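> Sequence:
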Amino acid sequence: MTRRRSALLIGVCALGLSACEQTAPVKAYAQAAASSGFNCYQNPTVSYTLPADAQMPRQDDMNCFAWQQFIALNWKASSTHNGQPDTGAPASQLGAPSASGASPPKVWETYALSSDVFRDAAAPPLPFSQAPKQRQLRATARQIEPLKNGIGAVEFASIYQAFSHSWITAQNGRPTYYEVRLNSDEYDYIVANRLYDARAQWQFVQNRTGIHLPDGSDGKGVGAIEIKAAWLPLTDASLYKRFVTAQANIVDPATGRSTQGVVGLVGLHIIHKTRNAQQFVWATFEQIDNAPALGDIGAGPYTYYNPQCQPASDRYQCNVNTKPPSCSGSACDYAAPTQIVRQQPLLPNTGALNHYAQSLIRSSNADSVLQYYQLVSVMWPSSSTTIGGAPLTPLTGGNPQPPTGTGGLANTTLETYFQDTQSYSPNNPPLSQPSCLACHTVATISSQAVPAGWTGKTNYASDYSFLFGSAKPSPATASNAPRSQP
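First residue of the sequence shown? That's 1 in full-length UniProt numbering, and the numbers climb one at a time after it.
Just so you know, the hints here were simulated from the structure itself, not pulled from any lab data.
Hints are all accurate, no fakes.
Subject to a maximum C-alpha distance of 25 Å in a straight line, what follows is the list of computed SDA-like cross-link-like pairs (lysine to any residue):
# : residue 1 : residue 2
1 : Lys228    : Pro402
2 : Lys241    : Ser79
3 : Lys228    : Ala102
4 : Lys220    : Gln130
5 : Lys457    : Gln203
6 : Lys457    : Thr385
7 : Lys228    : Ser166
8 : Lys228    : Gln84
9 : Lys228    : Arg242
Simulated restraints, written as ranges between beta carbons of each label pair:
#  : residue 1 : residue 2 : range
10 : Ser359    : Gln93     : 14 to 20 Å
11 : Ala293    : Ala121    : 43 to 49 Å
12 : Gln84     : Gly351    : 31 to 37 Å
13 : Ala123    : Ala293    : 43 to 49 Å
14 : Ser79     : Lys323    : 40 to 46 Å
15 : Cys309    : Ala123    : 45 to 51 Å
16 : Lys457    : Asp218    : 29 to 35 Å
17 : Gly88     : Gln317    : 49 to 55 Å
18 : Gly261    : Gln84     : 26 to 32 Å
19 : Thr396    : Ala99     : 46 to 52 Å
20 : Thr255    : Asn399    : 44 to 50 Å
21 : Ala121    : Asp218    : 29 to 35 Å
22 : Ala99     : Cys327    : 35 to 41 Å
Please read all numbers here as calculations on a predicted model, not as lab measurements.
Every residue gets a Cβ at the ideal spot worked out from N, C-alpha and C, and that includes glycine.
With these hints in hand, go ahead and build the complete structure from the sequences.
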């Protein structure tokens, strides 16, 4: 099927027309899927081409879309153009392990760091084309302002998970670190409209323009993509062959001292706005050794679970998914391992697709570290809704799929303490479908954008992205001239 015909089919199906069910190609691929355990119009391939949208608005197709993204984003990056693949790198090098842990940067690793876009005093973002710096993993980070529902600030580039404000520690006694990046489509939109400046954000919503991230429909890109990665310092070099690795300067949260070491990727969120998913496609991946599923605990070894845990000697008495107690300074025991399990098992069709994709990767490179990653799930809007103007929160969720309770979207390394579908959701009143998408419906512009003495509404939406909340205001006398991407 041609790209044009595929796009047409997506549009027709999105309208819910019954003719989609009668299309011969759909019948053909549905029949072929019976033996594979998943049902995709187009299966993932080993390719550096980043897809702009899913082939069809169905769960399995969204899952295949996610895997295609994962493969493309983890392709070796171009040495001359950030955010682009090295098209000369053969598939046989996909995910090649590094004995030293210093793997070449992947495509997504050359995206812009959120901290290089939203800077102090609204300084213009660093150029997207700037050479990637060595990764700096800090224990704490600048916080964005507290959300108005009182759940506190979200922290990036730190050891603290969103909303829970708690950390997780692996069985090797090292805490997990997080970073957030964004692609050039989102970067260019922010820079062109000076949205890195809280003052400019306020002007933007007051003129009713509103923040609407690109979705790739103009043909100039693939749409806005945000990446959130979870990294763990690796103390055993024999494990490098099972992880996407990088060298980093790592700040010890207990001592504040920085040391150079190797970190392994344990979790990855891929958030992508597309033409047919105005509420974004939310995909999350994990390294397969992270943690067992509740009720299906094997011998291991696991990165975040000890099957031989002894309550008498364990800091948390072997209780699973237990947040560290509130603490400060030397009272915080960052070295005590967190006993983590997956509370909701992966859906069977997701597991079948994972097996297919992992085998596909091995067929290109038997040693590829990417074979040791799995898709957890994908959330997507079955009723994609275009939003105009300068809307207030909460935004629509677009009838997100899969429905709550049919399979966990939570990543054990990124939402350790929010895996229960009944967990508190940052909305008031609580949302009927707690989920990552539901949480992001309340994302707003920076609270520092609000002028002193303003008594009107302030909860202007930031198109499902919490990144805009970290914007600082420019000094009143500073130049607000935009700085475009070179």
